[in-house]
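For the protein sequence lines, the chains are X, B and Y, in the order given.
Position 323 of the first sequence, counting from 1, maps to 323 under our numbering, and the rest follow consecutively.
Position 216 of the second sequence, counting from 1, maps to 216 under our numbering, and the rest follow consecutively.
Position 60 of the third sequence, counting from 1, maps to 60 under our numbering, and the rest follow consecutively.
Hints were generated in silico from the structure; no laboratory data involved.
It should be emphasised that the depicted structure is a prediction, and the values quoted were computed from it without experimental measurement.
For glycine and all other residues, C-beta sits at the position ideal for the given N, C-alpha and C.
Do not take every clue at face value.
Derived Cβ-Cβ restraints for the label pairs, each shown as a range [claimed, not checked]:
(1) B:E170 / Y:E104: 51 to 61 Å
(2) B:G160 / X:H21: 35 to 45 Å
(3) B:R29 / X:H400: 48 to 58 Å
(4) X:F173 / B:Q200: 35 to 45 Å
(5) Y:G187 / B:A153: 28 to 38 Å
(6) B:A89 / X:H21: 33 to 43 Å
(7) X:N50 / B:E170: 20 to 30 Å
(8) Y:E78 / X:A186: 16 to 26 Å
(9) X:E28 / Y:A91: 49 to 59 Å
(10) B:K123 / X:Y177: 54 to 64 Å
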Amino acid sequence: MAVSPKATDFFAASEAGAADHELQRKLESASARHLEHFAEVRDEFTPYENERATARAIKENALGRLDELIVELTEKLTDHDCKVFFAASADEAREYIVKLATQCGARHVVKGKSMTTEEIALNPALERAGIEVLETDLGEYIVQLRGEPPSHIITPAIHLSKEDIGELFHEKFRVSYTPEPEKLTAEARTRLRESFLRADFGITGVNFAIAETGTLVVVENEGNGRMSSTIPEVFVALMGIEKVIPKLSDLPHFLEILARTATGQKLTTYTNFLRGPRADGDLDGPREMHVVIIDNGRSAMLSDPVLRESLMCIRCGACLNVCPVYRHIGGHAYRSPYPGPIGSIVSPSLIGSSTAYLPFASTLCGACKDVCPVHIDIPRILLHLRWKETSSPAPPPWPHDAHRARAGARMFARLARYPRIIRFLGHIAAVLVKPFAENGWIGSMPPPFANWTKVRDFPAPRPGHPRPANSAGKSIRNGRS
Amino acid sequence: MNEVQLFSTCLAEEFFPEVERASATILQRLGLKVRLLKSAFCCGQVAFNEGFRSEALDLARRFMAACDPAMPIIVPSGSCTSMIRIFYADLPFEDAELTAKAAAIRPQVYELSQFLVRVMKVKRLGARFEGAVAYHPSCHLMRELNAREEPMALLSGVEGIRLVEVRDREECCGFGGLFSVKFPHISGAMLSDKIDRIRQSGAQVVVSNDCGCLMQIGGGLSRAGADIKVRHLAEILAAR
Amino acid sequence: MADLSDIVARVKDALGSSARGDLAEIDANGAPLHALSANDRAELATQFGHELKSVAGDYLGICRADEAAARIAALAAETGVRTAAIGEGVAIDTGAIATALETEGISVLRTAPGVDADNRTQTLRRVADADMGIAEADCAIASTGTLAVVSTVSRPSSLTLLPPSSVILVNVDRLVRDIAAAVATLGANEIANHRVTLITGPSRTADIEKRIVLGVHGPKSLHVLIVWPRDE
Numbered sequence: 001m002a003v004s005p006k007a008t009d010f011f012a013a014s015e016a017g018a019a020d021h022e023l024q025r026k027l028e029s030a031s032a033r034h035l036e037h038f039a040e041v042r043d044e045f046t047p048y049e050n051e052r053a054t055a056r057a058i059k060e061n062a063l064g065r066l067d068e069l070i071v072e073l074t075e076k077l078t079d080h081d082c083k084v085f086f087a088a089s090a091d092e093a094r095e096y097i098v099k100l101a102t103q104c105g106a107r108h109v110v111k112g113k114s115m116t117t118e119e120i121a122l123n124p125a126l127e128r129a130g131i132e133v134l135e136t137d138l139g140e141y142i143v144q145l146r147g148e149p150p151s152h153i154i155t156p157a158i159h160l161s162k163e164d165i166g167e168l169f170h171e172k173f174r175v176s177y178t179p180e181p182e183k184l185t186a187e188a189r190t191r192l193r194e195s196f197l198r199a200d201f202g203i204t205g206v207n208f209a210i211a212e213t214g215t216l217v218v219v220e221n222e223g224n225g226r227m228s229s230t231i232p233e234v235f236v237a238l239m240g241i242e243k244v245i246p247k248l249s250d251l252p253h254f255l256e257i258l259a260r261t262a263t264g265q266k267l268t269t270y271t272n273f274l275r276g277p278r279a280d281g282d283l284d285g286p287r288e289m290h291v292v293i294i295d296n297g298r299s300a301m302l303s304d305p306v307l308r309e310s311l312m313c314i315r316c317g318a319c320l321n322v323c324p325v326y327r328h329i330g331g332h333a334y335r336s337p338y339p340g341p342i343g344s345i346v347s348p349s350l351i352g353s354s355t356a357y358l359p360f361a362s363t364l365c366g367a368c369k370d371v372c373p374v375h376i377d378i379p380r381i382l383l384h385l386r387w388k389e390t391s392s393p394a395p396p397p398w399p400h401d402a403h404r405a406r407a408g409a410r411m412f413a414r415l416a417r418y419p420r421i422i423r424f425l426g427h428i429a430a431v432l433v434k435p436f437a438e439n440g441w442i443g444s445m446p447p448p449f450a451n452w453t454k455v456r457d458f459p460a461p462r463p464g465h466p467r468p469a470n471s472a473g474k475s476i477r478n479g480r481s
Numbered sequence: 001m002n003e004v005q006l007f008s009t010c011l012a013e014e015f016f017p018e019v020e021r022a023s024a025t026i027l028q029r030l031g032l033k034v035r036l037l038k039s040a041f042c043c044g045q046v047a048f049n050e051g052f053r054s055e056a057l058d059l060a061r062r063f064m065a066a067c068d069p070a071m072p073i074i075v076p077s078g079s080c081t082s083m084i085r086i087f088y089a090d091l092p093f094e095d096a097e098l099t100a101k102a103a104a105i106r107p108q109v110y111e112l113s114q115f116l117v118r119v120m121k122v123k124r125l126g127a128r129f130e131g132a133v134a135y136h137p138s139c140h141l142m143r144e145l146n147a148r149e150e151p152m153a154l155l156s157g158v159e160g161i162r163l164v165e166v167r168d169r170e171e172c173c174g175f176g177g178l179f180s181v182k183f184p185h186i187s188g189a190m191l192s193d194k195i196d197r198i199r200q201s202g203a204q205v206v207v208s209n210d211c212g213c214l215m216q217i218g219g220g221l222s223r224a225g226a227d228i229k230v231r232h233l234a235e236i237l238a239a240r
Numbered sequence: 001m002a003d004l005s006d007i008v009a010r011v012k013d014a015l016g017s018s019a020r021g022d023l024a025e026i027d028a029n030g031a032p033l034h035a036l037s038a039n040d041r042a043e044l045a046t047q048f049g050h051e052l053k054s055v056a057g058d059y060l061g062i063c064r065a066d067e068a069a070a071r072i073a074a075l076a077a078e079t080g081v082r083t084a085a086i087g088e089g090v091a092i093d094t095g096a097i098a099t100a101l102e103t104e105g106i107s108v109l110r111t112a113p114g115v116d117a118d119n120r121t122q123t124l125r126r127v128a129d130a131d132m133g134i135a136e137a138d139c140a141i142a143s144t145g146t147l148a149v150v151s152t153v154s155r156p157s158s159l160t161l162l163p164p165s166s167v168i169l170v171n172v173d174r175l176v177r178d179i180a181a182a183v184a185t186l187g188a189n190e191i192a193n194h195r196v197t198l199i200t201g202p203s204r205t206a207d208i209e210k211r212i213v214l215g216v217h218g219p220k221s222l223h224v225l226i227v228w229p230r231d232e
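Given these sequences and hints, build the entire structure.
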């Protein structure tokens with residue numbers, strides 16, 4: 001899923017998303033179902049708040065001595081006969097994995113869900129090398145069949161209805177149409193089971209890497225992560241440097257909150273502890289295990305005291321589900337494998353300048369911050385990134401009208417230093433637009449307010465002309481507004 | 001305490017001028033002397049939120065020069081209160097004196113409803129208002145200032161009022177400052193859902209503590225031709 | 001190409017001089033493991049059963065060690081199982097179970113230690129072709145209805161992954177209260193040296209309209225029997 005958007009793609013894509021009421025209906029109902037499940041498991045688990053605080057403290061601590069932890073983890077993994085590779089960039093990680101697959105003579109790659117492989121655009125590179133890549137998470141499998149990237153980090157096919165998927169299977173597999181999730185899942189099971197058994201190369205992401213024991217923890221519900229790390233002869237785990245936690249005893253705190261916020265479960269169906277290739281005589285596990293640890297912008301995030309907090313993310317996806325912007329435009333509009341609020345703060349570092357608008361595409365409503373299991377202050381980071389983008393030597397090129405709006409705001413801010421002048425201008429504006437007002441509202445405004453009146457009326461300014469003091473109660477039917 | 005400062009905010013001055021008088025009236029009825037902060041116009045949020053930090057710094061300096069850090073500063077806006085009370089801490093003031101002043105001012109800044117309930121400990125203000133009212137909680141008020149109960153407590157104390165519930169009322173109306181004009185399509189889609197839910201609620205009046213939300217929701221209601229008005233909380237609490 | 005020292009140097013630079021002494025040492029140790037009484041264990045078993053059912057698992061209840069073989073053979077017969085795969089037990093003798101299954105006319109695949117590279121693929125296929133996989137868990141978590149299985153040469157984790165029906169036995173002594181206790185019980189050593197899987201219910205997905213469907217890649221059904229070895 002190569003993400004190579006044009007600079008202003010976000011505007012067109014979000015416009016399409018915002019106009020797609022069917023998409024909004026699907027996102028709304030899926031999010032509502034998720035939030036219900038989450039509320040249930042949260043309310044009956046009284047230590048939830050404590051666990052959030054502990055998990056955050058562990059991450060804070062881990063990031064603060066990440067260099068030591070990476071060394072410890074690497075030593076342990078190497079002791080377990082893993083081959084550890086460090087990638088400074090997405091290119092390095094991708095090239096290493098493609099080269100490895102080629103050298104092993106891999107023909108059939110099975111993948112568990114991994115957003116990091118989306119980040120490095122691994123699939124197209126493997127395919128170019130003539131290797132078949134199969135996404136095996138059901139949602140990922142579905143979007144791969146459609147030739148699309150995932151639109152949600154936990155529920156990749158959240159933008160599709162069961163009918164959409166029924167039609168997809170009917171078209172691709174020539175099976176009779178059914179919208180029943182049970183039958184569609186059974187169809188995918190049969191097809192993917194065969195693929196697993198013949199796969200020679202497996203790839204998954206990593207949720208947590210425990211430095212103390214040299215263990216990679218992969219959580220999942222379907223069993224595809226288990227399959228991908230158990231059956232193929234060669235297995236690659238790809239992880240960002242920020243996934244390391246110090247001790248085994250830290251892990252339960254994350255497990256207690258991750259599934260609750262991600263899927264409304266107490267614990268995911270499978271929590272896999274992987275340590276290395278199989279021992280002699282073992283049936284399960286790969287002959288070779290490679291661990292690719294990738295920086296790709298993360299150390300730069302670490303060096304920024306505000307942005308550092310975003311590396312605490314455990315990728316639960318809850319912020320997407322509560323985000324009104326995400327729910328109105330869908331994940332694809334973000335043009336990044338990481339959509340939604342968390343995507344808006346990590347994409348500029350991990351994906352690049354094509355996502356520079358994302359921090360601006362938020363009302364700063366803060367619903368994400370409230371739901372975040374590790375209390376990441378996403379709005380504050382968004383503000384920080386807006387400032388960084390604005391003051392960067394190459395600020396993002398804005399579409400004309402958005403640029404004009406920003407210039408207008410800047411002009412206003414400069415004038416507002418002189419209250420008398422700005423008040424005088426305010427009075428003049430009120431006089432000028434008064435003839436166009438009806439019941440106190442104006443239907444069409446010139447730039448920079450033209451975008452405002454595209455979708456709603458503009459309030460007629462009336463500085464110094466308050467409604468009579470006691471009118472609030474009496475005049476609701478005949479006053480303005 | 002017998003004197004407070006009142007900063008009515010730029011949006012209120014320009015578009016909802018009655019907010020200042022209503023807020024002053026409420027405070028005066030509680031026996032407080034009210035000093036209007038007129039030598040500042042804007043807290044700087046619009047610049048800060050767009051990443052124009054030097055402009056934001058200028059406005060913050062101007063605002064701080066206007067106020068007395070020894071006296072509470074009442075702001076009839078959750079958003080502007082958050083800017084001063086919380087985000088002024090993120091502004092890189094160059095000199096130590098300004099940093100110290102910001103630190104002194106920040107805890108003195110109160111959003112109107114929080115000041116009434118938490119500091120003045122009042123819930124009933126002797127207000128009277130007839131009609132079906134829906135309360136729209138502004139995002140900053142709820143999630144930055146953590147004021148979820150205060151406005152409702154005050155509204156419940158208004159005689160004659162009939163409070164109606166809007167489905168998913170805690171969902172953002174889509175204003176977001178300049179977001180509303182940079183991304184009108186997203187802002188409009190969010191607003192359209194909000195308007196539908198307000199219409200379903202049977203409200204005659206939508207009340208909020210933020211002029212930004214009032215502009216957005218009021219503009220949406222006007223565009224939809226709905227006979228539903230928007231009012232600032234202060235207006236309702238001052239009505240008799 | 002980057003190596004460990006490059007990455008560590010980058011991270012070190014990023015962290016700068018921020019004082020590490022300030023980092024709070026997190027006391028994240030699990031609850032101390034108390035010796036549990038028979039009553040405690042019965043209570044945990046009840047809670048485990050309740051949680052297992054809530055994740056669509058089939059709780060078979062508690063039985064004595066000498067009854068386990070008959071219970072499992074009966075379940076296999078009832079559900080039309082023709083082939084079953086079984087590994088060595090942890091505390092329970094699974095040989096008796098294999099014999100009971102064979103008595104029912106079910107063909108049994110015993111996963112023998114020492115699979116070599118040549119027959120690995122075939123063995124995996126044979127496990128995958130079995131109707132039922134039978135294994136003993138090393139630990140069970142009451143608060144989540146979870147089973148922890150440690151994969152060893154004689155007890156491969158494929159047994160609980162590939163066959164469509166999964167039967168897991170667990171000794172009542174191995175029930176613990178929560179995830180932290182399970183991790184502490186298994187211990188850093190065990191986890192550093194083996195593949196371990198925590199299993200909570202049958203394989204499931206919610207990828208289609210957030211509706212829950214069982215049996216995506218792993219087992220479609222999970223049956224759990226708690227074995228009470230002593231007369232208490």
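Now the hints, each set against the structure:
1. B:E170 / Y:E104: 51 to 61 Å: Once the Cβ atoms are compared, 59 Å apart, the range 51 to 61 Å for Y:E104 and B:E170 holds.
2. B:G160 / X:H21: 35 to 45 Å: 39 Å, holds
3. B:R29 / X:H400: 48 to 58 Å: This hint holds: roughly 50 Å between Cβ atoms.
4. X:F173 / B:Q200: 35 to 45 Å: 43 Å, holds
5. Y:G187 / B:A153: 28 to 38 Å: Given range 28 to 38 Å: violated, Cβ gap about 53 Å.
6. B:A89 / X:H21: 33 to 43 Å: 41 Å, holds
7. X:N50 / B:E170: 20 to 30 Å: Taking Cβ atoms as reference, X:N50 and B:E170 lie about 25 Å apart, which means the hint holds.
8. Y:E78 / X:A186: 16 to 26 Å: The hint (16 to 26 Å, Cβ to Cβ) holds, given that Y:E78 and X:A186 are roughly 22 Å apart.
9. X:E28 / Y:A91: 49 to 59 Å: 50 Å, holds
10. B:K123 / X:Y177: 54 to 64 Å: The hint (54 to 64 Å, Cβ to Cβ) holds, given that B:K123 and X:Y177 are roughly 60 Å apart.
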